[in-house]
Amino acid sequence: MADRREYKDKNEENSLPTVVRYEEMLENEKQYFFDVDQFEDIIDHYVNNGELKEANSAVHFAISQHPFSTELVLKKAQILADTRKPHKALKAIAQVESIEPGNPDIFLLKGNIYSQLREHKKAINCYRTALERADDKAEIWMYIAFEYQNLGNNVKALDYFKKTVLEDPDNELALYEIAFCYELNDSLEDSIGYYTEFLETYPFSHAAWYNLGISYSKLKKYSEAIDAYEFAIAIDENFASAYFNKANALANLNRYQEAIDLYEETFKYEEPDAITFYYIGECYENAEQYEDAIIHYTKATKADPEMADAWLSIAMVMELANRAIEGLKFLEKAIDLEPENSEYWHIYGNYLQKLQYNYEAEHAYHEAISLDPQNKHIWLDYSEFYFNKGSTERAIELMLEGMGNIWSNAELEYRIAAYYLDNKERNKACAHLVNGLELDYPKHKNLLSFYPQAGELETVTDLIALYRD
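Start counting the sequence shown at 1; every next residue gets the next number (my numbering).
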């Protein structure tokens, strides 16, 4: 990757005198002559800098001087494609194709345009035609792989990414995409096998070690992941993402201080960002160092004021630190940022209930369930809110409403059984208990933990014993 960037920078540097001369011509309203290669440099300069209007002017002037140049017509087609005019681009390409039908660049560009038009099968056919004529096949195989990804065929995509790496083992993008394909194909063990074999031939590929680490992490094999990330860092000591992912693995092993140290290490190689501050805060929270957690969650909100999870986490940690009332405004800030987030409203309801702000809690639960009526946890907590207030009948009504939205759920069956038992409606309670036992026998413990009195009722214990086998 570094070599390609260096080449691009050097190329740009070499083209600058030509660009200066071209812009001097425009400023003086004169007509200078440039050969085709010089025009290509000028156009590339503007395209690389995102100055597509200037690139378009340059290509039109270039074609006026060199009307039979297929290279310049292809540049024009590329600019048309970049400016979201794919059909005009295809017309321009057709002019060149009739003159140079064997030019692989024509089919590469056509493939890119068909991809833009989401005609992925046509794009693949164009790339395959280009393959027949091209010397550098690795890049084209990667284009084909992306088209198969767009078609949802990740097995084929994986095959072509592997072809890419076989010819170009330094292609980091393809190495990353291989890991992604294995994950989408639910074949993470195969991913580990692939990278392990690849590293036997290319042991100094930091990208391969890094992706091996990711595969181990996805399988929750965090110790092995850490080893892989360490190899990646040993090869490239400035590899910030490897430090970051190693820190994630350490955090998952509850090695919080080591994780914090590594998260902070990334700041030597990248600008501090909200997500890293957030993860540091999470480590401090899990280590029960609540003040440090609040400090780092606050840093996350300063780095990204729109990061709702960070505002929410400040509130949750303040609750743990017995500062719940103070934390309320931070939770409300999170909801202001994401008013359609049912999980936030649910948490808000629980938070308010603990503070005994019952009117506000009822409103929060109502909002949560309106946004996500398929969420069993909201129905359970919303109904429990009324049960704790002594409104068992209202709790039953909510459970019945929830069961109308979520069919055949054992947890809801056990919960409504508890409410009916509390309401002295034993027959209804037993009917729902039987439903729960038939759906998920082990979860009957939910009933006994929520409503311990149930374990003292012979009718209940007999039914549980009946379904034990």
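By construction, these hints were calculated from the structure, which means they are not laboratory data. Since this is a predicted model, take the numbers as computed values, not measurements. Note that beta-carbon positions come from the ideal geometry of N, C-alpha and C, so glycine has one too. Please note that a few of the clues may not be correct.
Said to hold, decoys possible - Distance ranges between label pairs, derived from CB positions: (1) L457 <-> I295: 49 to 59 Å; (2) E258 <-> I406: 15 to 25 Å; (3) V434 <-> L184: 39 to 49 Å; (4) S449 <-> E393: 52 to 62 Å; (5) P17 <-> P339: 53 to 63 Å; (6) L26 <-> E258: 57 to 67 Å; (7) P17 <-> E237: 50 to 60 Å; (8) F267 <-> G193: 53 to 63 Å; (9) I406 <-> S449: 31 to 41 Å.
Query raised in the report: Does the hinted range 31 to 41 Å hold for I406 and S449 at CB?
Result: Given a distance of about 21 Å, which is not inside 31 to 41 Å, the answer is violated.
**Report entry** Status of the given 39 to 49 Å range, CB of L184 versus CB of V434
**Finding:** holds, 41 Å
**Report entry** Assessment of proposed distance window 52 to 62 Å (beta carbons of S449, E393)
**Finding:** violated, 23 Å
Query raised in the report: Is it true that the C-beta distance of F267 to G193 lies inside 53 to 63 Å, as the hint says?
Result: violated, 35 Å
Query raised in the report: Can the suggested window of 49 to 59 Å be confirmed for the beta-carbon pair L457 and I295?
Result: At 51 Å between Cβs, range holds.
Requested in this report: Starting from the range 15 to 25 Å, see whether the pair E258 and I406 falls in it by beta-carbon distance.
Outcome: 42 Å Cβ-Cβ, so the 15 to 25 Å window is violated.
Query raised in the report: Lying within 53 to 63 Å: is that true of the beta-carbon distance P17 to P339?
Result: holds, 56 Å
**Report entry** 50 to 60 Å as the expected CB spacing between E237 and P17, which holds or is violated
**Finding:** violated, 37 Å
Report task. For the range 57 to 67 Å, tell me whether the beta carbons of L26 and E258 fit it or not. Result -> holds, 59 Å
Hint compliance for this structure: hints 2, 4, 7, 8 and 9 are not met, and every other hint is.
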